[in-house]
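Trainee: Produce the entire structure from the sequences given, and follow the hints as far as they go.
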Amino acid sequence: MPTLPLGPLLARRDLLRFGAVATAASAVPGWVSAAARSPAAHPGTAKSVILLWMAGGVTHIDSFDPKPDAPAEIRGTLKAIPTKLPGVRFTEVMSDLAKLADRLALVRTFAAGTDDHFVGQARALSGRRTNAVQITTEPNVGAVVSKLRGSRAGFPGYIAVPGTTRPGPPPKNMFVGGWLGEQYAPFPTGGRPRNEDFTAQVRESSEEEFNQQGLSPFAGLDDFRLADRRGLRSQLDARLRAVDATAAVGDQYHGAFDMLLSAAVRRSLDLSREPERVRERYGRTKIGARCLLARRLVEAGAGFVMVDYGYDPEYGNLWDNHNAPTQNHPPICEMATRPYHLAGVDRAAAALIEDLEARGLLGETLVVFLTEFGRTPKINSNGGRDHWGAAGSIFFAGGGTNGGRVIGATDTRGAYPTTPEYGAWHAAATVYAALGIDAATVLTDREGRTVPLLPEGRPIPGVL
Numbered sequence: 001m002p003t004l005p006l007g008p009l010l011a012r013r014d015l016l017r018f019g020a021v022a023t024a025a026s027a028v029p030g031w032v033s034a035a036a037r038s039p040a041a042h043p044g045t046a047k048s049v050i051l052l053w054m055a056g057g058v059t060h061i062d063s064f065d066p067k068p069d070a071p072a073e074i075r076g077t078l079k080a081i082p083t084k085l086p087g088v089r090f091t092e093v094m095s096d097l098a099k100l101a102d103r104l105a106l107v108r109t110f111a112a113g114t115d116d117h118f119v120g121q122a123r124a125l126s127g128r129r130t131n132a133v134q135i136t137t138e139p140n141v142g143a144v145v146s147k148l149r150g151s152r153a154g155f156p157g158y159i160a161v162p163g164t165t166r167p168g169p170p171p172k173n174m175f176v177g178g179w180l181g182e183q184y185a186p187f188p189t190g191g192r193p194r195n196e197d198f199t200a201q202v203r204e205s206s207e208e209e210f211n212q213q214g215l216s217p218f219a220g221l222d223d224f225r226l227a228d229r230r231g232l233r234s235q236l237d238a239r240l241r242a243v244d245a246t247a248a249v250g251d252q253y254h255g256a257f258d259m260l261l262s263a264a265v266r267r268s269l270d271l272s273r274e275p276e277r278v279r280e281r282y283g284r285t286k287i288g289a290r291c292l293l294a295r296r297l298v299e300a301g302a303g304f305v306m307v308d309y310g311y312d313p314e315y316g317n318l319w320d321n322h323n324a325p326t327q328n329h330p331p332i333c334e335m336a337t338r339p340y341h342l343a344g345v346d347r348a349a350a351a352l353i354e355d356l357e358a359r360g361l362l363g364e365t366l367v368v369f370l371t372e373f374g375r376t377p378k379i380n381s382n383g384g385r386d387h388w389g390a391a392g393s394i395f396f397a398g399g400g401t402n403g404g405r406v407i408g409a410t411d412t413r414g415a416y417p418t419t420p421e422y423g424a425w426h427a428a429a430t431v432y433a434a435l436g437i438d439a440a441t442v443l444t445d446r447e448g449r450t451v452p453l454l455p456e457g458r459p460i461p462g463v464l
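Sequential numbering of the sequence shown, starting at 1, is according to my numbering.
Treat the hints as calculated values from the structure; they're not laboratory data.
As the structure is a prediction and not an experimental result, all values here were calculated from the model.
Be aware that one or more of the hints could be misleading.
Here are the simulated SDA-like cross-link-like pairs (lysine to any residue), alpha carbons at most 20 Å apart as the crow flies [what the hints assert, rightly or not]:
id : residue 1 : residue 2
1  : Lys378    : Gln327
2  : Lys47     : Gly301
3  : Lys378    : Ala409
4  : Lys84     : Gly404
5  : Lys47     : Glu357
6  : Lys378    : Ala80
7  : Lys99     : Gly363
8  : Lys84     : Ala358
9  : Lys172    : Asn195
10 : Lys99     : Ile81
11 : Lys172    : Phe118
12 : Lys47     : Glu299
13 : Lys378    : Glu73
14 : Lys47     : Asp438
15 : Lys47     : Ala153
16 : Lys378    : Tyr416
17 : Lys99     : Asn402
18 : Lys99     : Glu280
19 : Lys172    : Gln134
20 : Lys79     : Leu100
21 : Lys172    : Ala132
22 : Lys99     : Arg281
23 : Lys79     : Arg413
24 : Lys99     : Ala80
25 : Lys47     : Thr441
Mentor: Below is the structure:
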């Protein structure tokens with residue numbers, strides 16, 4: 001392609017606006033130079049992370065911390081069943097994970113320290129004690145890992161499946177690079193949100209198509225035209241660097257083009273390549289497809305994959321089960337049995353762990369089940385449970401986890417921890433430790449200021 005002068009290149013910026021590439025070019029994380037990465041001081045067992053992000057507040061009493069001896073208004077109608085660990089019980093809707101309890105490090109004393117969705121989600125995603133004005137300023141843990149580890153196997157350092165959640169109203173994007181810079185926000189496989197506010201009820205296309213929108217260029221833009229535009233982008237970068245030797249404006253674009261042109265990346269997003277028996281094992285549900293896609297991405301080489309499941313354009317906030325009249329939810333214990341709620345998550349998460357293990361990937365893949373807080377012990381008058389930041393349940397599996405551990409306990413009502421509680425900063429410290437990222441690492445923000453990796457928090461004792 002002939003060399004073009006700087007002026008015409010700048011005038012033809014519209015050439016770069018072609019659907020997913022525009023999204024990738026502005027938001028794709030993790031394509032950083034080796035000099036920007038901080039090596040781990042102590043090698044960790046985990047090479048990859050799959051974060052099962054359940055935004056909205058999963059009920060702990062109806063899942064991992066049942067209270068069968070409590071009054072009916074606390075225990076609900078779900079039966080407590082034995083797990084593979086003697087004396088440890090889950091509810092009946094968690095039957096698949098109950099059989100895998102020896103693979104889990106379950107933390108029953110996860111305490112958000114807030115009943116606010118936005119603050120709780122920002123804390124869980126960043127591992128920092130954020131307040132109401134910091135909910136989009138602190139980088140996600142995945143963004144930090146992307147900054148320190150960079151890309152791998154042609155994938156961005158931080159991927160969100162599908163990454164379109166915008167809780168509200170008003171809608172807020174919680175998947176951010178924060179003060180690290182927007183280039184470290186996750187690459188969303190679902191592309192741009194179809195409904196910026198999840199309360200605007202719209203039906204998505206098929207889940208498979210939805211999960212691949214981020215790599216879908218406009219019609220008529222084939223690989224040859226995409227390669228031409230890649231060359232155009234390179235010329236623009238070179239000319240800009242000639243004007244300002246310090247400019248590195250195009251670094252993230254090169255990774256975007258590489259990913260869009262990679263056959264291996266495209267194959268990893270194609271769930272039709274999976275045998276029917278595997279797809280059935282995960283469940284023909286949104287959460288099933290997303291967990292299966294996460295496995296495929298990690299198997300193909302991705303380093304940090306977040307499964308985004310909580311706010312939904314069809315069901316609203318899946319976990320915020322107040323059962324207020326406007327939510328149109330059934331009573332909480334009935335809701336839990338539905339394939340898009342706890343029962344479906346149980347099936348998909350268990351399939352994910354078993355599938356990773358069968359493929360020899362579980363030892364090097366840390367699976368984290370995370371939500372912002374639990375739900376109230378007492379079922380309200382509408383048949384739901386409200387926000388409860390004092391206690392909740394999360395779990396870790398694989399990636400160096402000590403399976404078969406139940407860490408911490410709550411009182412007879414599931415209301416308060418009776419053993420030490422652990423916050424989002426402890427969960428984040430556990431993830432970093434599993435990856436071998438030194439707790440003493442110092443980061444640099446986009447203004448050049450130094451910031452500690454974690455101002456507080458240590459790995460949760462017994463998990464690793």
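Trainee: Hint by hint, note whether the structure agrees.
Mentor: Here's how the hints hold up against the structure:
no.	hint	in the structure
1	Lys378 x Gln327	holds, 19 Å
2	Lys47 x Gly301	holds, 9 Å
3	Lys378 x Ala409	holds, 18 Å
4	Lys84 x Gly404	holds, 8 Å
5	Lys47 x Glu357	holds, 14 Å
6	Lys378 x Ala80	holds, 17 Å
7	Lys99 x Gly363	holds, 19 Å
8	Lys84 x Ala358	holds, 19 Å
9	Lys172 x Asn195	holds, 12 Å
10	Lys99 x Ile81	holds, 10 Å
11	Lys172 x Phe118	holds, 8 Å
12	Lys47 x Glu299	holds, 11 Å
13	Lys378 x Glu73	holds, 6 Å
14	Lys47 x Asp438	holds, 15 Å
15	Lys47 x Ala153	holds, 13 Å
16	Lys378 x Tyr416	holds, 13 Å
17	Lys99 x Asn402	holds, 16 Å
18	Lys99 x Glu280	holds, 18 Å
19	Lys172 x Gln134	holds, 12 Å
20	Lys79 x Leu100	holds, 18 Å
21	Lys172 x Ala132	holds, 12 Å
22	Lys99 x Arg281	holds, 15 Å
23	Lys79 x Arg413	holds, 16 Å
24	Lys99 x Ala80	holds, 13 Å
25	Lys47 x Thr441	holds, 18 Å
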